[in-house]
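Visitor: Between the sequences and the hints, there should be enough to build the whole structure, so can you do that?
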Amino acid sequence: MAESLLALLLVTSSSSAKGSSLVYRWPPSPTSSPRLARPRPPQPSLRQVDNPWRAIDLVEGQDGCSTVNEQPAADLPDEEDYVWKRAHVTKDRTASFSQASSVPASGRNSPSKEGSFDVDRPDHLSIRDEYDNLFGYSSEFLAGILCPQPPLCHQKFELIVDDLVFIGHPVCRAADGTWRFTPEGGKSSSRGRGPRSRDSSQGSTSESTHVPHIEEEPNAQSEWLDTFHFVIVLSLPDPSSSASGNVLKYFDILYKQLAFTVTAVLFQEQVISNFVERECEVLGSVKEDYISKGEPFDTYARYALQVSSIAPAMKTLYESVKSRTIAQITIHNLALELQLPPYLDSLLYGDDDGDTGCVGEDDVDEGAAWGGDMSFAWRLPALAPWKALLLLDGPDGANFDPSMNLRGPHMSTDERKLAMELVKFLTMASPRLQLADMAIELDWDLETQLYPIVRWLVYHRRAKVIDVVHDGLKSVFTVSPTFTTPLSELTQQFELAFSNSPVPPLPRVLSAISAANGKQVDNHFFATVVRSRDLIPIYHDVVEWMLKRDLLITLHLRIRIVATSDVKQRARLLREVAKARRESMNSNSGGKQREEVIADFDFLESGSSPSSNGRWLSLSPKSARRSARQSPTMRRSTILDDEDDDGEKGSEEAEEDDDDAEDDESPSLISDPGRAAPLERSWLAVMSEGKEDHIRMRFERINQYFDGKKTDDEILYRAEISRRQLREVLHHYDEHLQTFLHPS
Amino acid sequence: MTSDGDSFLPRIQSVFYATFDDKKGRKIVYQVPEGLIGASPLPGESISKYLFNFNDISKYVIPPPALCGRLVTCATRNHRLIGYPVELRGKYERVYFRCNLCFVFERQADLSCYEPIIRKIARVFTACEEESGFLSSPQKSAAIPAILEQLYEDLNSYSETSISIDAFNSIELKIFPFYPNPTPVKDWMVPVALINLSRRIEPNWDLTMVKVCEHIDGVNHVSRIAHLADCDLDLAREAISHLLYYQVIMMIDIFQYSNMYTLRKSVQWLADEPHVKDECGPYVTRTGKPVPDWPKLLHLYSRLKVGKTVFEWMQEHDVLDDGIDVRRFTSFGVIKGFLRRVHRWPILLKSSESPSNGHTMLTLLDGEHHTDELCSKFEVGWPLLEQWLIAAGDGKGDGDYGRVAIIHR
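These protein sequences, in sequence, are chains L and P. Note that UniProt numbering gives residue 37 to position 37 of the first sequence, counting from 1, and the numbers run on in steps of one. Note that UniProt numbering gives residue 189 to position 189 of the second sequence, counting from 1, and the numbers run on in steps of one.
Treat the hints as calculated values from the structure; they're not laboratory data.
Pulled from the structure, derived: some chain L residues nowhere near chain P, Cβ distances all over 10 Å:
#: 1; residue: A301
#: 2; residue: R675
#: 3; residue: E700
Computed cross-link-like contacts, SDA-like style, restricted to lysine to any residue with a CA-CA straight-line distance of at most 25 Å:
#: 4; chain 1: P; residue 1: K296; chain 2: L; residue 2: S671
#: 5; chain 1: L; residue 1: K548; chain 2: P; residue 2: L349
#: 6; chain 1: L; residue 1: K249; chain 2: P; residue 2: P182
#: 7; chain 1: P; residue 1: K186; chain 2: L; residue 2: S241
Computed, partial: chain P to chain L, Cβ under 8 Å:
#: 8; residue: L67
#: 9; residue: T73
#: 10; residue: T76
#: 11; residue: R264
#: 12; residue: V306
#: 13; residue: G367
What you are looking at is a predicted structure, and each value in this text was computed from that prediction instead of being measured. Here a beta-carbon is modelled for each residue, glycine too, at the ideal position from N, C-alpha and C.
Guide: Structure (structure tokens):
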């Protein structure tokens with residue numbers, strides 16, 4: 001995660017004698033990724049021997065051929081020319097112009113050394129340099145540039161210099177010289193929003209420290225600190241490897257998840273107890289001490305971890321981000337949990353064809369249930385009542401022990417009761433149990449009680465949300481198109497996990513699963529792999545094992561309704577008959593138009609030409625109907641018998657839908673049966689002709705879900721029917737329905 | 001392919017030129033349009049009428065020497081500035097002369113395509129200053145507002161400009177839309193043209209590109225194109241990757257009757273899209289045959305499944321009788337993105353008795369190479385490769401590969 005992260009810095013500024021300084025950084029000596037100053041010739045194979053220059057290159061490349069691609073800084077003199085080097089501004093600025101694209105072709109070779117003062121003190125240089133030099137800049141200079149003017153404080157800070165990106169949220173003291181929360185937007189929100197710190201109180205690590213702080217009298221006196229800024233330094237990602245705008249989105253997530261949260265806590269502690277200033281003083285004096293003793297920077301950096309709480313927090317944060325784990329840091333006894341979305345780095349690369357059955361970035365509705373933090377770059381499946389929960393192994397490989405937090409003596413009875421319920425929840429969670437059913441069994445509210453726990457578990461990577469696995473393993477799976485781990489490795493792990501069981505090797509299992517989908521019947525897991533009732537328990541473990549590693553994707557049934565030509569014709573006839581009948585009864589209204597319609601009907605019924613009104617002769621039945629529809633009263637009567645309570649809206653829809661629908665009677669899909677236009681409703685009614693009453697009623701009740709988007713699980717949940725009942729409907733309405741089996 | 005914002009260039013909100021004044025320090029000398037950036041921090045003045053206040057960001061616009069000669073992007077609450085501060089040394093009153101020409105954009109703008117523009121302007125200005133003191137002499141620098149004006153108008157309106165400064169220097173700029181790098185081109189991929197390539201070919205095109213373009217027909221895969229065009233495989237890959245970069249082709253898979261396809265999740269909304277349901281019929285039907293309706297076609301798509309070859313599917317649904325061109329039928333789904341090719345990934349299970357004899361193909365049977373890759377590598381079709389796999393696994397044939405397991409994914 002965040003492969004581009006180079007370092008974390010804490011800089012401060014003061015209007016007094018202290019000036020700007022870089023208080024702490026981790027890692028001690030960050031390096032940025034190697035870059036090219038100009039493109040290298042493409043591949044060794046393209047170097048043609050007939051080109052003299054390339055031929056020379058080829059010969060020289062012989063000894064180091066294999067390293068050429070990975071190691072740009074290989075010891076070939078030629079390669080040197082391609083590698084871009086950041087200038088060490090404190091020493092020699094001319095080198096900074098080695099970046100080809102930035103080199104003004106002439107006159108930029110000013111040889112003078114300039115800028116920093118350190119240059120003049122060569123005796124102390126090496127140690128000083130170690131402390132002072134960061135990415136080729138002097139740390140004092142960096143601190144100065146990273147502490148912006150007060151108007152730029154209390155907002156997102158972004159500075160990009162060549163290949164380095166600095167992101168943060170600088171904060172400063174108020175105009176009257178005190179550190180305090182101000183009511184206006186930026187600051188008050190930064191105080192309240194320690195999202196992870198609140199979450200972590202659920203994790204029972206630090207409930208006690210959070211609350212009393214707020215009650216303390218703020219505005220502890222600060223002496224010199226004007227501004228502090230917790231900065232994330234990134235290596236600018238190659239913009240050409242991702243779609244436009246993604247890089248900015250990437251920065252934004254790092255800002256929100258890391259910089260903003262850490263700053264919020266630091267700011268609060270500074271306001272309440274002058275914490276940051278004290279820390280900075282400690283770190284500053286230790287640093288001076290170590291410099292005067294001539295100790296290397298590394299020693300200082302490690303010693304600082306013991307005397308301050310910001311320093312170890314920065315170290316932990318950096319290391320967790322690099323190792324893609326959750327950072328559990330403590331700043332001034334406040335526990336924080338920070339992490340980045342697991343798929344953040346994929347923002348930097350082009351679209352992979354992710355068909356992994358997850359919420360796409362554009363699926364706002366589905367993502368919404370997860371809440372803001374987890375809706376982006378998490379690639380989570382929709383959180384819905386018909387899903388199930390799969391508990392994952394703990395980070396150390398051990399199973400998640402639900403009762404581990406219960407043993408402490410500190411809990412009141414209420415808390416203990418809550419904890420017991422939590423344990424019950426965790427023991428109950430199973431891939432075979434819908435979340436909705438869990439809520440019922442626990443007597444919890446789904447949205448307000450169950451979901452938050454699911455979110456917490458998923459956020460802490462202790463669980464994932466999956467599709468329910470059938471008790472008898474009659475779920476239809478397919479193999480995920482991409483594996484995150486090489487198959488050979490998975491096979492070995494699988495062997496270890498199921499060594500003493502009759503389960504065939506993993507490739508066999510996967511092969512059997514993937515070959516099964518082509519079959520018309522018995523394409524589910526039980527029929528293709530398990531085949532024996534006795535083996536169901538062990539195969540439940542196998543399925544869980546594979547689901548944990550994202551090897552399987554559950555396929556879901558989706559249903560669409562097709563209105564065939566027959567249905568449409570039949571519906572039209574019925575409609576016209578009804579209309580004609582009604583109008584002949586209702587003799588005192590609209591003479592001429594009524595005749596036309598009856599004529600139209602006769603024309604269709606008998607095939608003979610209509611008897612009245614010469615205008616009809618020139619019109620085809622279709623256009624005649626269209627002309628009839630020109631009159632509003634007429635249109636009203638056409639749809640009247642299908643109208644229910646939609647009133648005006650319904651008739652408007654009918655107008656639109658009629659236009660393209662009636663123009664041809666070729667088969668079409670009813671794309672949203674739940675909001676079917678009157679015409680479509682008449683087709684649905686025709687489909688139900690001659691069906692048994694209870695089947696027809698069930699169809700009418702559930703056809704709103706037959707839009708090709710709702711999965712079978714969802715339909716069963718929403719309509720509260722059994723799978724058998726659904727199957728019955730599908731069977732009876734077979735000719736009018738299309739089924740689709742694909743991941744969700 | 002990707003979001004439609006790709007070729008959309010962000011609009012320049014303001015162009016300004018700032019220097020380090022010998023007496024007043026950092027200041028904006030000229031800006032276009034005028035009065036957008038507040039320069040004077042008068043206490044009573046409302047900030048809101050400005051985009052931002054220059055003093056807030058002046059240290060990034062005219063920075064200390066360490067940042068000069070570097071591309072610097074900084075941001076205010078609602079805007080993003082990009083500039084290339086320059087420091088020149090010479091016979092100036094303060095020994096150095098610092099200046100910067102900056103563009104201002106919306107905060108959310110993606111500035112990748114403006115980076116070379118900014119660098120080039122800085123380069124030309126520097127050259128002019130060194131030759132004739134263009135920036136520092138009061139008479140000559142009077143030409144700068146006109147240049148800013150033209151940059152602002154031309155780049156926003158035409159995305160290119162040509163401004164002649166003096167007899168020797170001019171600024172020639174063109175903003176190129178930004179495209180992400182294409183995915184690597186593999187030998188077994190099939191390029192499909194999204195535009196009429198032959199109409200675009202010009203005499204001064206690269207020769208390999210011209211030869212390669214002739215063979216892009218949605219059927220030939222890359223190594224076959226290289227063979228047909230009689231050119232180096234690497235060069236063919238390069239050429240195709242170039243076309244891919246400009247998004248005028250896209251890559252699909254080799255069509256074979258032994259292929260397998262499956263629906264992707266996106267079918268649930270694409271099936272209702274007019275650009276899918278209206279284009280499908282005419283595209284997939286052979287000329288002269290009646291065009292089947294969309295529900296019928298959709299039904300056929302829904303019957304393409306993992307584990308079922310296109311051939312079996314054709315047999316089952318009498319596809320040929322409907323006048324459907326099966327190749328176009330499948331590639332339509334793949335291009336629109338609701339159909340996915342399912343590859344066969346053979347894997348040779350280890351056995352105790354016979355150690356692998358080290359044949360290249362056997363080493364590739366590790367579940368990480370699919371059969372299209374193997375077919376194009378060994379230049380055989382699937383039927384023959386299937387026989388090889390059966391032989392490799394000591395299977396009986398007809399779906400039994402012995403020790404070779406085939407995973408469809």
